[in-house]
Structures are given as structure tokens and as C-alpha cells.
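Chains A and B, in that order, are what the protein sequence lines are. Heads up: the first sequence begins at 26 in this note's numbering, then just goes up one per residue. Heads up: the second sequence begins at 7 in this note's numbering, then just goes up one per residue.
Heads up, some of the hints might be wrong.
Per label pair, the in silico range of CB-to-CB distance [stated by the list, open to error]:
#1 B:131 <-> A:58: 26 to 32 Å
#2 A:72 <-> B:144: 45 to 51 Å
#3 A:299 <-> B:147: 35 to 41 Å
#4 B:210 <-> A:299: 55 to 61 Å
#5 A:214 <-> B:329: 43 to 49 Å
The set of hints was computed from the structure by calculation and includes no laboratory data. Glycine included, C-beta positions come from ideal geometry on N, C-alpha and C.
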Amino acid sequence: MKCLLKLISKSGFVEFWHYRRLLWDLVSQDFRSRFAGSVIGVFWNVLQPAAQVFIFAVLLAKIIGSKLPEDALQRLGKVDDPFAMSIYICSGLLAWIVFSETITRTSTAFLTHRDLIKKVAFPHPLLVMYQVVSATITLIIMLILFLAFIILSGHQVGWSMLWLPVILIIQAFFMYGFGLFLATITAHFRDMPQIIGIFLQLWFWLTPIVYQRDLIPRLLPGIGKTFVQLNPLYHLTNLYQNILWKQTVWFDSLPNTFVPTQDKFLLKIVIMAGFTVVLVAAASVFYQKLKKELPDQI
Amino acid sequence: MDPVIKIENLSKRFRVYDKPLDRLKEWLTPRGMSYHWAFWALQNINLEVEPGTALGIVGANGAGKSTLLKILCGTLSPTSGSIKTNGRITGLLELGSGFHPEFTGRQNIFLNARLLGLSDTEIKEKVPSIISFAEIGDFIDHPIRIYSTGMILRLGFSIAANIDPDILVIDEALAVGDAYFQQKCLRHLKTFRENNGTLIFVSHDPGAVKLLCDEAILLNEHQIVERGKPEDVLNYYNALIARHVSDAASFRIEKQKDKIKQPAAQRSGTFDALLTKTDILLEGSSTRTVVSGENVSINVEAIALSDIEKPTMGIAIRDRLGYEIFATNTYILEKSLPDLNAGDRINVLFNVPMNIGAGDYTVTAAIHTGMDHLDKCFDWADKFIAFKVLPETKASCRGVARLPATVESDISKADLDKPNELLSSIFGDAPAAINLNDDSSSWLFSGWHPIEQLDGEPVCWSKPSGTFLLKPGAKLFVELTVNPAQCDNSTLKVSLLGNGKFLADYEVSSSCWQQAEFEIPEDLIGKVTRFSLQTEEAFVPAKVYGTNDRRELGVMVKKIWSV
Chain A
26 MKCLLKLISK SGFVEFWHYR RLLWDLVSQD FRSRFAGSVI GVFWNVLQPA AQVFIFAVLL
86 AKIIGSKLPE DALQRLGKVD DPFAMSIYIC SGLLAWIVFS ETITRTSTAF LTHRDLIKKV
146 AFPHPLLVMY QVVSATITLI IMLILFLAFI ILSGHQVGWS MLWLPVILII QAFFMYGFGL
206 FLATITAHFR DMPQIIGIFL QLWFWLTPIV YQRDLIPRLL PGIGKTFVQL NPLYHLTNLY
266 QNILWKQTVW FDSLPNTFVP TQDKFLLKIV IMAGFTVVLV AAASVFYQKL KKELPDQI
Chain B
7 MDPVIKIENL SKRFRVYDKP LDRLKEWLTP RGMSYHWAFW ALQNINLEVE PGTALGIVGA
67 NGAGKSTLLK ILCGTLSPTS GSIKTNGRIT GLLELGSGFH PEFTGRQNIF LNARLLGLSD
127 TEIKEKVPSI ISFAEIGDFI DHPIRIYSTG MILRLGFSIA ANIDPDILVI DEALAVGDAY
187 FQQKCLRHLK TFRENNGTLI FVSHDPGAVK LLCDEAILLN EHQIVERGKP EDVLNYYNAL
247 IARHVSDAAS FRIEKQKDKI KQPAAQRSGT FDALLTKTDI LLEGSSTRTV VSGENVSINV
307 EAIALSDIEK PTMGIAIRDR LGYEIFATNT YILEKSLPDL NAGDRINVLF NVPMNIGAGD
367 YTVTAAIHTG MDHLDKCFDW ADKFIAFKVL PETKASCRGV ARLPATVESD ISKADLDKPN
427 ELLSSIFGDA PAAINLNDDS SSWLFSGWHP IEQLDGEPVC WSKPSGTFLL KPGAKLFVEL
487 TVNPAQCDNS TLKVSLLGNG KFLADYEVSS SCWQQAEFEI PEDLIGKVTR FSLQTEEAFV
547 PAKVYGTNDR RELGVMVKKI WSV
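The shape of chain B in the complex, shown without the other chains (with noise of 0.2 Å):
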């Protein structure tokens, strides 16, 4: 199949002025002169893409990403070299992709599909999914400009993703959305995908690159330095960072030497002995990043600056906010260290399964004798380095810890006889009357909204259903009204169920307070049930008042009680 983006010997040069006058003088020089120094952004890229693959690009900022989506997506030319593209591509570039502040958010539905060169009827045809998919209500037909960072990217990413383009380029916006819509995203390229979409996606989210993409290219220093699966890449990316952080840690304590100041990690001890180096091992090479659940190891090496005895290495390791989620030494899992002379080197490994949650982490290592550090300690390095451990590509669990969990089940006959005993061992005694001023409220379960005061008096709406549990009489009361939008033009059947049974039915015909009265049967007078109150139909304030009230309304109630 033919490639759907060919790009061969692509270098992208950016002219930077150091004045504007400096630009003038080369205009009005003659040919040759040049006033400017060239920063290159990209340098020869070659790039070819079949259709239907995802790519991810990874690489430092700065390293020439965005540069690149832009030229694919058009909007920067490069200065040498060639790109051919086959098909429509929208991008999500940065925020918002190009919207008009003043136009409302339908317009620039418009506008951004025109500027993509769609019909007319193509656009109207993709306006409904569009806004449905960005969920922002009636903001809608309001100007871009009163919108949130989080609408934009919203009407952004529908746009880009609902108006079927044959290649997607997404450059790391997506992290500004909330959880939920990050999922929906995700959700939808994966569809796109199946649909022999090709995708171009740039994060700094090494799970999501792992998850969306089949291939991956590193852009290192404005080149293209590594293409391959987004695993292997990814490790070549760490290792990338890694030096570069070695490197940059160096030139500090070179700096730091001239002016004598405390190290960044925080150390103590009487430096009897001195710890040289922590690395974490995968595989018998250095890492920083790990994925939750692999083995690694931890290596911490000392080097003794007088003769000690028995000495003790230990590690440990804190999360995020300091605290220390795992310790251990060498005194505890019995392994007892040789005495070490002046000028020895000790090298320690701790074999670690890392069944830790993906998140920032840092190791903390010492060197000290017995049990712990507070014997004698003789060097200790607080947060010595940081590492980070991804996301599982299937992760198994969440939280903090990994835990071994398995799974079994077994089913088998219950004797339900007596359900409401069941229902009174578990909750004790019902009462026979539900207030919403007092602790008896505690007795409405699952199916109402939180309790809201109404002319200082307070009141419940029920959802579609609403569960609570009572202990009745004869007869069953409660003290319920309903929006007058709900009972309009036909009355307004709510249904009773006790115990998941049909018991009764209540019409409401009119919006003012109301007593609705049930019979009880005879066999759950006295006893504790599981009441349900339904309503045919769930009342969406934002339907009929165009407000952003979404709720899901069944009735408004203000006591329950029972004769």
C-alpha cells in the first residue's frame, strides 16, 4: 500500500533575529547579507507512514515534535525537503485548534470545517455528532471566549475527531482534559483505529503511547534517532534521559565544589563512609523508569574512608509526598556485610519485584551499622535519586501497592424466607417514619439526590428510583410534590414496590404538597422492607428550563411515615 505521509529530507530552519532591526537591514541589503542566525528545528527527517498505523512520537521539549506535527498538518512549510500527504488530516495542535474568540462555539464548528474544505452538507451532516461528542451544553451558542481551557480542548478534539479525517495528529493536548474525557478520547481513537485511521500522537504520557500506539519514533536533538515498537523506544528514551540527567547531576556537584553548599540530597552521618552511587538496575542496565511489577534491582555502592565492622546498607523508598512506602538493609534480611577497611568499595544489590503503583518515587540509601541508623549512622542520602514507574499496558489493579490478588467464587442456595429479618439483622430496626430534619433520613438509601432546604424547610428529590428501608403499618404516607413541568398535561404515575414487588400506585395530578397514600399488605406490616419509590418517567430540569441542571428528578419528598 502507498504510504498516506512520505517525508524525505525534511529540515525545517528557523530565521531568529536578535532586533527587528535586524530584519530590516537584511531586506534593505543587498542579496547575501544575513543579519539572522538559523536555528534548525528539524534536520533531515525521512518518515514514511502506511495507512492505518499509529505512531507515537516521543522526545525532550524542544527536541522539534511540535514542529513537525505543524508541518504535517500544514501550517508551517518546511525549508527543505518534501512531504506528501494522502487524505484529510486534522490535528488538535497545542490548544484549541484554531478557533475564532468571538464566535460562538457552533460557528467555529463552521469555521474549522470550512478551513478543512468540507461541503456544506457534509458539515451539517457532522454538526450533531460533533456537539453531542464535546458535551458542553449550552455553551454551545456562547462566543469561545467565555470558555474554559477544558471546553476548548472539548470542541476541539470533537471537531478534529468527528469530521472523519483520514489522519489525526494529536500533540499532548489531551492532558488538560478531566478523567472522563480523557477516557471518551481514548475510547474514540481506539475506534478510529479499528477503522483503519491513522493516527500521529505526541505525548510525554509514556502509558498512553504504550497503549494507543503500534509504533513509536524518537526526536532527539531535531532528528529522528530511534523508530521502532513503543516499548523499545520509550526504554531508548529513558536511557536518553537518564544520561542527560547523570550529566546535568555532575555539572552540580562540579558547581557545587566551588561553592561549597549542601548537596541537593540531603545527607548525614559522621562519613566514616561515604555513598558513591544508587542506580536502578532492569535488566543489568541503569534505568529511571519502571513499569509496575518488574524486577529490578537497586544497587547502592559505599566506598570506607576509615576501617568500619559490620556494617549495614539499607534502602528506601518514598513516594511523591516523602512517605516512605518500603524500606529494608542487609541487618534485616540477614545478610551480614564483611568489615571494611579505609579505601574499600562496597557494592550492594537489592533484588526488588517493583509491586508498586505507577507514580514518582525517590530512593533514599545508608550505610550505618546494626538495625538501623540510629546506632551510628555513618553516611545517610535522603531522596539520593528519583525514579517514576508507569502503568501496567493492562493494568491489573490500582492504588498504591501491588498486591497478588486472585480471584474465585462459588454460588449456593440462601434462605430468603424471611427477608426482612435479614433486612433487620443487618440494619437493625427500621423506623416507622422517615424525617429529613433528623438521623432517620440515614434510612433513604440509594436513589436520592443530596437533601436541599426549600423555603427553610428540607426536602429530597428521589431519582427515577429511590430505595429506603422502614417498618410500616396499614398504610404507607408520603408527603411529596413534583415540578409542575412533570404533571403539565398528563398525570404523573408513581409506583411503590415493597421488597421488589409491585404494591401500589399513586397518580400525581398537580404541583402543589400532597399526601400519597399506600395500602400495605398484610404480611410486611411490622416488619422491616425494602421500599422503592418509582417514576415512569425521570425529569431533566435542563430539558424543559434549558438550565444546566442535569439532574435525573423523580419526586420531591419531605416525610415518609407509616400508621
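If we strip away everything but chain A, and leave its shape as in the complex, we get (with noise of 0.2 Å):
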């Protein structure tokens, strides 16, 4: 117990309760220097994700000519339906684009900060935050969007979209856990972003986002499945394509029942959790190690 409180307090929250409004000041900047700046604004980020989607759904669909998994047909309806294909690929792929945004970004927290953190006194946790916040409200605008998008084009939007707000914040924490973890490194070893870059592109191709996730296990048999298993992306993604379009998890069969009916939803959401908690803790700790020769380094 003294050891959790120890580990809480040196994580920093605590500091970042104190600097709230700062946060909150940085938060608001960051959005309007992104939208401000450009001509159609807000229009920009959503078209970005919109054009990614667009590309995977007509890749996939069209010249590759993968199929909907059974149980996607089964919920998402008609076999031409042009839209079922990229709700399936939309449930797993924005959380994944902010993700990748937001580990690209904060890895350089320190390092585009230099200015300040040599100069002014304050908790240095605090610029990986607000740079984590501004990315989580960035994908509940997406979320917001895609939900009417579910609704236009249409399809149901079930009560399963409740759990939005919990995996949301599993999602900033592990985003938050991730970036200072990247940032301190980087602050020592100016090649972190572009092995960041080039590791995200592998992750990406190594999470089950726009394949069927038994494609791995299938060319991989044996450890194949651990291997995916051990993927922490894999099990929030999974999450977020279990209440977008699957829709088939607690609640959903309400007043029915009140387990999910299969995959295991409860379970990975204390597995994902269990990552975020060590990963944060694990940050926590080693940017407490190196914490006093940051600005020395930068």
C-alpha cells in the first residue's frame, strides 16, 4: 500500500492536479494553432483518417478483394453494402491514428519544449500530458463523427457504445505511459524518432486493424497467437471494433443478459488495463531515473 502511494506520487498526477489550468491553457493552444492555422480548419483532421479509411476500404474491398469475416456480414448487414466495409475498418483504425500521431508527437515532447524546460521551473510529465489530452479530445471528435456516419449510412448504434468513455481513458493513460517513456529516451538519443517512425509502421502491419486477426495465427501457427496475444494494440483495437461494430458485448443484450457473449470483452479490458498501469509505472520510474540530467541534455 505505502509502496502504491509512493508509486502515485512520483507519477506525477498529483503534480498535474496543481498545474490543471495550465494544462488546460496548452490543451486549447494546441488545438487552435492545429485548426487556426489552415484554411478549413476542424475540416482538416477529419478528412486525413477519412482519406485513410476511404484508401483501405476500397483496397481492401475492390483490388484485393478480401471479404467481411462471417460474423461482420452477420451484424453489418447486405454483402454489397459499400459502407459495411469501412465501419469495420474505421472501428480499429482511428484509435489506431491517433495513437501513432500521439507516440510521434510526444516523443519529441522535451525536445521541442527545450526553451522552456531550461529556463522555467515546473514538472516536465506536464508537456507529454497536455499533448495526450489535446490527442484524446481529437479522437472524440472522430468517434462523434463516425457514430453518425454509422447512423447515416444505416446502421445501429447499440448500447455498447457506454464503454466509449472507459477504454478512451485506458487509452490516454497508455498513450501517456508510451510517449514519456519515448520522450526521455529521445531526450538522450536524437535517432528516437525515426526508428519511432519506422517501428510504427511494422506495428501497424502487426495488429489485425484492416486483416481478420486469425490472418497471424494462420501464417504463424504455434506462436502465432501469443505473439498477438503479447500485442497490447491488438487487445484496444479489439476493444474498439467489439463496441463499434460488433456491438456484441455487456449491455448490448440488455435486458437479456448482462455477460458478453463471446470474446472475452471483460477480460481484455483488465488485460489492457494491466498493460497501461505497468507501462505507466514503468515510464514513471525510469523518467524519475533520468529526470536530473534532462535539461543537461537537451
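Since each chain sits alone in its own frame, please combine them into the complex, following the hints.
Rendered as C-alpha cells:
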């Protein structure tokens, strides 16, 4: 218990509370600079992921000719529905897009704010935190638009959506832990952003987002399944998929039953939350170890 | 009283890695393996500062001054030892005290204030005074990235100084500001001191350290080597520099021996005698820094290589631009030197009160015969040594020469019955009309903005009170206009004063060109008269239109004439 309290105080969240006004200033300025600078502002932030979804949908459905998995077909209905593939891909892709952008950005959080770090004393993880908060708000906007898209394209939105806030919070903390870890390393190794770029590409294709999740276990019998299970992003995107298109989770079959029908939804949430707690704790300890030398090195 | 700053055995080590890979190796190999070399920027610093002290920190580049300040402000952490501070510290470290380039000036004020832990109400209270102190106008609502260096400094200083710090840390940055802002900052720092604030001030300007600080420390090679009164510490510092310089000079000469190069000091002569040393002595010890007005001795030493009859030795002081501002020699000072035999060493001391202004100077030395070096010059060492003259703490004059000025004053009654005669005896005959496009415009005196062109015609804005001289007839006309904003709600009253007395008013009710007519009293007609045109309210375009035109304007005038 004592150890846990110490960890919490070390992780810096208490300090964030103290600097909450500043955090909010940074987030709102971040939004303003991203939206106000360009001609059609907000539009770009929607258009970019939309284009990505469109490319994957066309590529997979028309060119490669891949089909929706059986369960998705059942759920999303008609075989020739042009929107079914988009909804299927979007469910996992939106979370991935925000995750990868945030990781790329936060990894240089200390470097880009070196002027501030060198001249004023304040808790530096704040710089990672504000970018994570900003990214999470972006994801929320995207998800709202996506839900509108689902409804407009004639599909259903069920009770499972009530789980979204829980997943969003988990994802935010996961990104914070990851970002803090990478930002600390990048302060010492300037090569990190390049490495992260390559690493994210690989990671994307190793995570079942635009292909079915039994693909890797099929290609790599034996270790394939464990490999997928160890990938936190598999759990994260899969949770989003369960909520957004499958909608076969808790509450869904309300009032008939309170138990998730399949996919071990609750277990996955626990696993993902576990990943997150370990990551945030590890990143905080790592940061604390190197914190003293951070301003010397940037 | 408890010290506000207490530093004990503080050391700071920077790890320097030759290659980035070395750091990775160090992380990945077991403990104890090291691939870096340590750079100790500060070693065993012990320092206590009492509240209300102004402490100057001097030292050469790389001595550790900035590192010490950063540790004080909490941006760097010490490697060992401890530091305790009491109260709020604000600092101006290098340039721009931690600004976000995309934030506007105003947002950066909030950012900085929040970083320093101020509450919302406190911040709101202080924002107006910060903005008005910085005087950067409308730029306050534009992003910092478009600011000039001077503006960033202004804002940075304004924030640091205006949020009521207990300890204020200033790191050399003031040098960037213009003379006006520097003066303003110095004034502010003095008030801050009077209110018992603690000031930590790093500067290479000895004058500023002497002016502001009541104590100083000298950092040399990462350690505090001296602490005491600013004068003493600065003298110690100068001695250190002098030693460093002479070491460097002898090193250079050593090197030049091998390369057979022309020495940096330009030499000429027959070299029957060689100048071996020139030095500036202050109270017997060598120095290269002199306070204006101090009595120093310039010591010149020469060694004769052959027999020399009746030598003359001389010195010249040149300013930064090489202009000779003072020269003398033993011949013109009527001090004849003895004949020299080969191998003799001669030492001459010129006692000179340094009555010259602050600045950088060089000393040229020479040994020759007769009155000047044109006759027979043995050795001429141009710009042999350099030295610096510092301003006095309480300067009594400005300029290049420190002439011993005194002042007296006396008041008596002057006959002022005919002021116009006095005016015309000084200015000659004034014209009856002032046209802006000919010489008569020189009769516009104080209180007018420069003549500008409007639609191809010269026009001139008056200041709220514009003076001119004229020989009037019975009536005086002024062709004038005003800005629409000046007569928007009410008429603008323009008054004419003659020889300081009120004559008449004219009401401006529209912004078109109009002829203002004034009656001239009998006693002024045909006589040179000092008029002034006064408007009751100054018009500042910046306030009305938000432009950056901050001039105080009265009326716009095209022509003034009289019939």
C-alpha cells in the first residue's frame, strides 16, 4: 500500500492537478494552432483519417477482394453494402491513427519545448500530458463523427457505446506512459524519432486492424497466437471493434443478459488496463531515474 | 535573519559523451562501466545570501555563472550538495525566459505566471502592469515567434520583475535592450532593492555591477574564489584577466618565434633599443582596467642594444577607432634621459590622471631621439597594450574628455519691455507668412512634427503646443485641418498665444481645410512676436485607430500668414 502511494505520487499526477489551468491553456492553444492556422481548419483533421479509411476500404474490398469476416457480415448486413467495409476498418483504425500520431508527437515533447525546460522549473511530464489530452479530445471528435456516419449509413448504434469513455481513458493513460517513456529516451538519443517512425509502420501491419485477427495465427501456427495476445494494441483496437461494429458486449443484449456473449470483452479490458498500469509505472520510474540529467542533455 | 539562499557543498557535473552510442553502451552494460567524461561546471560552492542583498556574480565565460543561476532557478539540479531557497524566484536566464513561440505575448504571460505557481486572481491583477511595463504595444496579442529580440527581452524582464518575486535572478540579458529600456530596468531594479528584494545579477559590465550590487562573488574555474565588495571583487577579477592576458601574450610570442611572423603589435624603428614592456600601474600594481579620473602610472621599459645619446621615450593613448587622444614624451615634458650604453635597461614612469571617458583604449610606446620619432626612431610599438576605462559609480560628465568643470550661477533683472526687439535682435526679421515649401518654414520652432507630404503638398502636424515666430499684421490666418476623430463629438478648440499671453480661440468643427482667423492686438502689429498654437487635447492615432502611430498631434497646418 505504501509502495503504491509512493508510486502514485512519483508518477506526477498529483502535480498535474496543481498545474491543471496551465495544462488546459496548453491543450486549448494546441487546438487553436492546429485548427486556426489552415484555411478549412477542423476539416483537415477529419479529412485525413477519412482518406485513410477510404483507401483501405477500396484497396481491401475492390482490389485485393478481401471479404468481411462471417460475424461482421452478419452484423453489418448486406453483402454489397459499400459502407460495411468502411465501418469495419474504421472501428480499429481511428484509435490506431490517434495512437500513432500521439506517439510520434510526444516522443519529441521534451526536445521541442527545450526553451521552456531550460528556463523555468516545472514538472516536465506535463508536456507529454497536454499532447495526450489534446489527442484524446481529437479522438472523441472523430468517434462522434464516426457514430454519425454509422447511423447515416443505415446501421445501428447500440448500448455498447457506453463503454467508449472507459476505453478512451485507458488509451489516454496508455499513450501517456508510452509517450513519457519515449520522450525521455529521445532527450538522450536524437535518433529515436526515426526509429519510432519505422517501428510504428511495422507495428501497424502486425496488429489486426485492416485484416482479420486470425491471419497471424494462421500464418504462424504455434507462436502466432501468443504473439498477437502480447500485443497491447491488438487488445486496444479489438476493444474498439467490439464496441463499434460488433456491439456484442455487455449491455448489448440488455435486458436479457449482463454477460458478454463472446470475445471475453471484460477480460480484455482488464488485460489492457494491466498493460497500461505497468507501462505508466515503468515510464514514471524510468523518467524519475533520468530526470536530473534531462535539462543537461536537451 | 535566515538566509534566503543557502547553498552547501554544491557541485554540478555534466556528462559528456563523445558519441551518442556511448550513452547506449553505458545504459546497456552492467553498472560501473562508464563511457563518458565528466565536466564539472561547479565545484564545492558554498553560499549564503541574506534577504535584501544584491549579489553580483562575475567571472570569465565558462566559469560556471549561468549554471549556478540555473540551479538557483531550479531548472538544473545539482549533482551533489544542497540548495535551499526561501520565497518565489523569478529569473531572466539568457534570452526569453521560457516562452512558447506559438503563444501570444499575453498567453505567455499567463503561461509563465502559471509555471511560477501564481493563482488566477494574482495573475489577472498583474497582467496590466506587466503589459504596460513591457511597452511592446499591439504585439502583445501576436505570437512570440514574430517578436524582435528586444521585444522578447522587454516582455521577459517585465514578467520576471512584475510578479513580485522574493528573489530576482538576472543573467546578462539586459545588454540586449536599448538604452531607454536599460534605464527603465535599472530604475525598476533599484525600487525592487529598496523594497527589500534579493537580487542576483550576472553581468560583464563592471559599471552595472558596481551600481546595483552591494556584494559580489567571483567565479573562476568553477569555484568561488572571492567574495566581498563589488570594487574589490572586480579588481581581483581584473588582476586575474591581466594574468591570463599576459600568459596568452607570452604564449603568442613563443609561437611566433617559431613561425617568424610580424608581431601583432606593430613595430618599426632601427631597433638600436627595444621596448620590452609597457604596463599600467594603479597604486603600484598592474591593471588593465581603470576608473575614469583615477591616477595611474604608465610604465615603459626599454633595453638598449647599442649606445644611444639623449634618448626620448614617449607614450600615446588611442581610442577604439585608433584616434590619438593623448600623447606625450620625456622631451616635451622636459625630463632629459641619460645616455644609454648597450645593455642598459631603462624604466620610465608617466604619471597620468585618466581624465578620459569610459571606453576601450590602447597605449602606444616609443623610444627615439629629439622631439618626435621623425628624427631617429629606435623602436615604435603601436598599440602595445590595451586597457579599459570604466565609468565612475557617480558619473559627473559624459563624453570623451573629463574636463574639470565647475558651475556657478547668478540671477538679475533683465529689461523685458520690448520682447519683440530681443527676439528680432536674435532671430533677425521674421517673415509675415510661413510657407512650408520654402525657407520660411524654418520659423516653425519647437512643437511641430517633421513636415510631410499630403497629396503632393507639404503639411505639418503641430504638437499640442506649436511655437512659431512671425511679424503679424492686424489679422493672422492659419490654413489648418484636423483628423475626423478630433472633431467627431464636439468642436476642437485651438488657441493662439502671443508672447505667452492668450490672444484668441478658434473652434474647429469639421475636418476639411479651413482658414482660422485670429485678431492681433494693436501692440503686436508689425513686431516680431512669439506665437504658439495650442490645442486642448492631444490626438494619438494609435489610441483611436489601433495603429502604431503614437505621435501626439494638434492640428495639421498648410500655411500661416498675416495681413
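To see whether the hints hold, each was checked on the structure:
| no. | hint | result |
| --- | --- | --- |
| 1 | B:131 <-> A:58: 26 to 32 Å | holds (28 Å) |
| 2 | A:72 <-> B:144: 45 to 51 Å | violated (35 Å) |
| 3 | A:299 <-> B:147: 35 to 41 Å | violated (48 Å) |
| 4 | B:210 <-> A:299: 55 to 61 Å | holds (57 Å) |
| 5 | A:214 <-> B:329: 43 to 49 Å | violated (55 Å) |
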